[in-house]
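If you want our numbering, it's the 1-based position in the sequence shown plus 91.
No lab work stands behind these hints, which were simulated from the structure alone.
Hints may contain errors.
[What the hints assert, rightly or not] Here are the computed lysine-lysine pairs in the BS3-like style, where the Cα-Cα straight-line distance is at most 27 Å: (1) 219 / 169; (2) 322 / 243; (3) 158 / 169; (4) 158 / 243; (5) 171 / 243; (6) 219 / 243.
[Stated by the list, open to error] Between beta-carbon pairs, the in silico distance windows are: (7) 173 / 142: 18 to 24 Å; (8) 139 / 185: 51 to 57 Å; (9) 139 / 277: 32 to 38 Å; (10) 254 / 345: 41 to 47 Å.
None of these values were measured; they are calculated from a predicted model.
Here a beta-carbon is modelled for each residue, glycine too, at the ideal position from N, C-alpha and C.
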Amino acid sequence: NESAIQEWLAFLKDMADRKAHQLPQDACLADVIGLESLSDSLPSLMTEYERELILNTFNKTATEFPKDCCMHDLVAAKAKSTPEAVALEWHGDRMTYYEMQESAEMVASWLRSRGALPDGVVAVQLHKSHEQVVGVLGVLLAGSAYLPMDPKWPLDRRCLMMDDSRCAQLVAQSEHAAGLARRFQGAVLVLDDARRDLPASLGLPHVGSLHASVTPQHLAYIIFTSGSTGKPKGVMVPHQGVVNLLSGLHSRRRYDSATRFGVSVNYIFDF
């Protein structure tokens with residue numbers, strides 16, 4: 092009956108008042124019971140201590156990071172300090188930092204000779220391989236932003252992304268470049284072998300370190316949304332944001348020469 096219900100609610104309120112500081116469930120119950128009308132306000136699901144812990148303590152993610160550094164600067168520093176260290180391994184084939192940096196500089200030289208500029212966008216259509224990493228790094232060294240594309244995407248989607256980003260250059264393996272030949276009018280670099288014979292295949296002399304006029308505020312890459320709610324939209328990401336992320340990760344875990352990273356996700360996804 093109504094009297095029994097009132098007594099039961101009073102008991103629950105008393106218990107909640109005593110233990111609200113111990114369990115979140117009790118805190119929520121105390122708030123609900125103490126309300127004259129649920130429409131007046133919403134119950135708090137956290138104590139003040141929990142609110143401070145979650146909103147401020149756990150969420151204290153600010154970290155110091157080099158404000159004048161770009162993504163490719165991090166790689167160049169590693170290539171300079173440990174040139175013979177293994178940078179990439181794919182199906183048992185290893186590439187050192189020296190090899191990777193030199194090959195990427197050749198790609199950058201080719202792109203610069205074809206008009207690649209800071210905040211310009213270069214489309215990259217490469218399956219997982221040494222060439223994928225070298226191609227992306229080469230675009231960054233040229234000072235441009237890269238637009239990663241999955242060769243398995245429909246041709247219309249890829250063309251839409253390149254048109255929307257105003258791409259004037261494309262880096263792709265030959266098996267993927269052919270499908271775009273009739274739809275893309277820009278310069279195409281076919282990158283099938285990222286080894287040190289790359290300069291010969293490009294018709295370029297060996298070059299030293301390439302320094303483009305690019306700052307951390309310039310674009311690093313563009314990631315497009317799925318387009319499930321309409322037309323795909325490009326999200327522009329500057330170097331500074333990625334360097335901030337990488338510095339934050341590095342400050343929370345110690346990495347050394349024995350550390351290995353397995354790349355299990357497609358490069359079309361954000362960091």
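Right, here's what the structure says about each hint:
Under the criterion of a C-alpha separation no larger than 27 Å, the hint pairing residue 219 with residue 169 is consistent with the structure, at around 22 Å. For the proposed pair residue 322 and residue 243, the alpha carbon gap of about 19 Å is at most 27 Å, so the pair holds. This hinted pair checks out: residue 158 and residue 169 have alpha carbons roughly 18 Å apart, not beyond 27 Å. Between residue 158 and residue 243 the alpha-carbon distance is near 37 Å, which puts this suggested pair outside the 27 Å criterion.
A hinted pair counts as satisfied when its Cα atoms are at most 27 Å apart, and residue 171 with residue 243 does not qualify at roughly 36 Å. Our distance criterion of 27 Å between C-alpha atoms is met by residue 219 and residue 243, whose separation comes to about 12 Å. Between residue 173 and residue 142 the CB atoms are about 46 Å apart, so this pair departs from the stated range of 18 to 24 Å. Range check, residue 139 to residue 185: Cβ separation about 55 Å, and the 51 to 57 Å hint holds.
Evaluation of the 32 to 38 Å hint for residue 139 and residue 277 yields a failure: the beta carbon distance comes to about 58 Å. In this structure the hint that residue 254 and residue 345 lie 41 to 47 Å apart at CB holds, the actual value being about 45 Å.
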